[in-house]
Structures are given as structure tokens and as C-alpha cells.
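Undergrad: Given next are the chains, with one letter for each unit.
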Amino acid sequence: MTNPTHNGGRALSRRTIAEQVEDLHAETGEHHVAVTFTLNGVTQTVVLPSRTLASDAIRHHLRQTGTHVGCEHGVCGACTVLLDGKPVRSCLVLAASLEGRSVTTVEGLVEPDGTLHPVQQAFVDCHGLQCGFCTPGFVTTIAAFLEENPSPTHEEATEAIAGNLCRCTGYQNIRAAVLRAAEITRERSGGSPLGPDDEAARASLDAKVRGTTAPVGGKAARA
Amino acid sequence: MKPSPLTYHRPRSIDEACEILAGVAHEGKVLAGGQSLIPLLSMRLAAPAHLVDIGSVSRLDTVSASPELGVTFDALATHAALESDVSVARVQPLLRRALRLVAHPTIRNRGTTVGSIVHADPSAEMPAVVSLLGGTVTVRSVRGVREIRADELFAGPLESTLEADEIATSVTVPAARPGTGTAIDEIARRHGDYALVGVVAQVEVDAGAVVSARMTYVSAGELGKVVDYTDVLRGASAHDDRDPLWQRMAEKARDTVETEADIHATDRYRSQLVAALTGRVGFAAARDAVLDDARVPMQTGGKR
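Protein sequences, first through last, are from chains A and B.
Per the working numbering, the very first residue in the first sequence carries number 1; after that it's consecutive.
Per the working numbering, the very first residue in the second sequence carries number 1001; after that it's consecutive.
Derived from the structure by calculation, the hints contain no laboratory data.
Check the hints yourself; a few may be wrong.
Claimed, not checked - With a Cα cut of at most 30 Å, we get these calculated DSS-like pairs of lysine-lysine:
{"#": "1", "chain 1": "B", "residue 1": "Lys-1225", "chain 2": "B", "residue 2": "Lys-1252"}
{"#": "2", "chain 1": "B", "residue 1": "Lys-1002", "chain 2": "A", "residue 2": "Lys-86"}
{"#": "3", "chain 1": "A", "residue 1": "Lys-86", "chain 2": "B", "residue 2": "Lys-1029"}
{"#": "4", "chain 1": "B", "residue 1": "Lys-1002", "chain 2": "B", "residue 2": "Lys-1029"}
Predicted model only: the values in this text are computed from it and were never measured.
The whole structure should be built from the sequences, with the hints applied where relevant.
TA: Okay, here's the thing in C-alpha cells:
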């Protein structure tokens, strides 16, 4: 190895995984593990210190920095990723535990042709972010929520984002983005953004709108 | 905010896990969902030299429910899996009611109920639920299998009576009985946060009057201790919460359940919550018992 900084990566990759784990253990005095998992559709084996959190493995070792790390103890929700399709806090999962699993981050939600995921588009449409630090966690959480509940109510949308902290927006636009994302999903699948246009849907929409809209100023509300 | 260096083990079977844990004994810790353990590692409140991750052990996520045997859930059954199981909700409805108060859905997707119970956090819901229902924890080690009754499970805050080489493999809670209702409620600053105070109640009702009443507390009183209010509450109306006996029980709760102050609430405020919630949750459990009664004849005398 005449130029270790340049050849380091390639030289390492010719060695077996077990050798790499041993070498790193000897070099650093710290136990290492080899983990094979799928990140955003790409399956790869990573050798890292066994204490590494999944959030750090994704950001530092695999350089997918869309996932943000806020509180690092499961309170803020910024690091939420989809583990086998279910939202989990990546700072509360050891990277070593990802063996054989599949992780989707905010980067992985974009369609192959570059089209934004409905939730991402909805955040743009509704101005659902300001500084953007918490956004990746919201986007992954909401994407998974809409898979289970494709047409949430106002209240359900509020409930869905209750586990994530945002210090800029005041949450109103994020909640609007949840509802907008549901519309975009319906629209993209060829339906009407407001849902199926039939008798029952119209009646329920009528009840919803009349039930919750108060005229500006509120003076006529009692009439 | 990073865990300290550790050696990671990924056993593929429960026997292998027991052997590894026996080998590292007091230096080792079992990892399942990790939703309580990993924050402790990251804050370095815990720094085990060895972590035995049982997450890859196969067939350890079974949930089964029957009216005769109650509900049994294995070590890898997540809160979310238990919460969404229809037969569990039918056999012991308190589990689902309580699980909905455990953190946020994102945490429940990964956290395991057995793990939450043996973690023995006094501010967690599930230890209080298991204590009230009188469940049992099955633990396993190279020395064999044994069962620990809920009233012998907790040695103190964050301390269970499991030995260092034992792994909790499942928890069983008895089925709900007709005529006995259950309820749970808590006050938290945000939905999903740790409760300032939570109350879990089990009330037996006969002919519209309370026969017995037992409760456990979250973030108040002694972990795992069941408080029996039968003496003050016997004969209270299950239909009318203005019955003075309900008020008397609330006052007794204020006097007997000890509370502590922290950054979120003073001890006096917590005691106030204990009194208010004991009355409210107790009455809800009594209503639940009456509803159960009303349902039984319909089920047995139905058109089937």
C-alpha cells in the first residue's frame, strides 16, 4: 500500500468481512460487528463498532444524511425511519440489530423518476416546514400513517404527528400537510382529491364542513 | 449521548441466548425492543459490557389468548402487535386500553411489552397493569425455567427480581371475569409522555353495587403495590358517581398513596391527581363491570 489514503477502501474490500472485524477490533480495542441490511433498496454489509446506533450508521457510515438526529433519546422524533415499513426511532435501535432488515429513510421515499412522495409534495404545498430539521421524521411518520389510514380526519391527523416535535411551525401547516398528502395520493391514483364522489361521501363531507366552519369574526356563529 | 463500548451478541435461539448470558452474568444485559434500554445506554446511565440481543431468536413473538388460560405474550411481541390483536382485546380488554397510553405509536412499533414489564419503570403503564391483574412472568436461564408472580416481580424502581442470568421469555395475565370491570387513565403533559400520575383499576360489581375494588398506580405510590379500597367502597353505586362513597375513596387515596415531587409536578399536585383519578378511574371500572353484565345475557341468549 503506497498510498493508504487513496487505496484504503479498495484494499479493505478485498479482505473478508471477518478479517475486517478482527482488524478493527485489534486496532481500536473495541468490539465490531458486520451488519447486512437494506437501506433504501440497496443491500449492503457494513462493519462498525457494535455500540453504533442505527441513526449514526445511516448518517456517518452510509452517508445518507436526510435522517436527522435531534435529542438522541427517543423524544423528538426527528430520526424516525421506516423499519420493514413501520416507523421507528433510529436513535433507539442499535445498528447491529438491523441484520436482515430493511430501512427506508426520507431519501428512499422519492420515486425512482424523482417525483416527490405525496407527503413530501404536501409539505411543499402547505409550507409545512421552516428550518426543516424535524421534517424527515415527520415525513416518514406521516407516510407510514397514511398507508394505514388513507383518509384521516382532522383529529386523526393531529394524533398522527403527536410523537414528533417541531419548534418552528406551530404544527398547523404540518397537520394541513397530512390532509393534503392524502389528497395527493388519491389524485395520483386517478381518483378525485376529495375522495370518491358518491352520495355517502358527499353527505359526510357536508357534515364535516358545516360542522366545523365558523364564519370569520364569529359573530354569525350562533345564528 | 452515545453508548459506551460493548460486545454485541446475536443468538439465534433462546438456549444460545441463555448460555451467552450465563457466561457474562453481571456484565451482561438482554436487549429486545430497546426502547427503554437504549436511551439508558446513550445517556450512560447503564453501561453493560455485553449486550445479548434476542431480536433474532425465532418464534419468540407469539401472542395467544383464550378465556380459560388468559393472555400469554412472548418476549418479542411488540406493544403494537399486542394492541392490535383482536382476541387479546376480547379476553383481557385492559391490555389494549393500557397499551394505547404507552408512549407513541412509533415507540410501540418497536418496544416489547415483556421488556417494558421487566424493565420495572415506576412511571410505565404495563408494570402497573400486570401487578393489578396478577400476572406471571416466565423466565429462563441455563439453570431451567421458573415463573415469577407479579407480586414478587418488583424489587424497587428499575429493579426486578430476575437473576442476572435470566431472560424473561413470556408474560401471562388472566382473562377478564364477568362482573368485574377494568379501566385505566392518566394525566400527562402531552399524549404519549410519561404520566404525571396514572391509575389502573379493577372493580367487581354485583347488582349495581361495588363488591371489591383494587388499584395500582403509575408514577405514584410503590411500584407494583396493589391498593385495596374494598373496605371504603363496598356497596357504592356503579350507576351514580355522586354516591359519597366514591368521594370517600378518593380521599383515602390522597392520604395513603405517597407521591414525590419532580421538575414536572409538585407532590401536592400529584396527590390531587391521585385523588381525582382514583375516583374517576374507579367509577369507569365499575361502569365497565356493569356493561359486561349487560353484555353477557345477550351473548349467551342470542340467536345462535
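Undergrad: Would you mind confirming whether the straight-line C-alpha gap from Lys-1225(B) to Lys-1252(B) stays at or under 30 Å?
TA: holds (16 Å)
Undergrad: Would you mind confirming whether the straight-line C-alpha gap from Lys-1002(B) to Lys-86(A) stays at or under 30 Å?
TA: Holds - the C-alpha atoms of Lys-86(A) and Lys-1002(B) are around 24 Å apart, at most 30 Å.
Undergrad: Lys-86(A) and Lys-1029(B): Cα distance at most 30 Å?
TA: holds (26 Å)
Undergrad: Mind checking the alpha carbons of Lys-1002(B) and Lys-1029(B) for me, to see if they're no more than 30 Å apart?
TA: Holds, because 17 Å separates the two Cα atoms, which is no more than 30 Å.
Against the hints set out earlier in the document, no violation occurs for any number.
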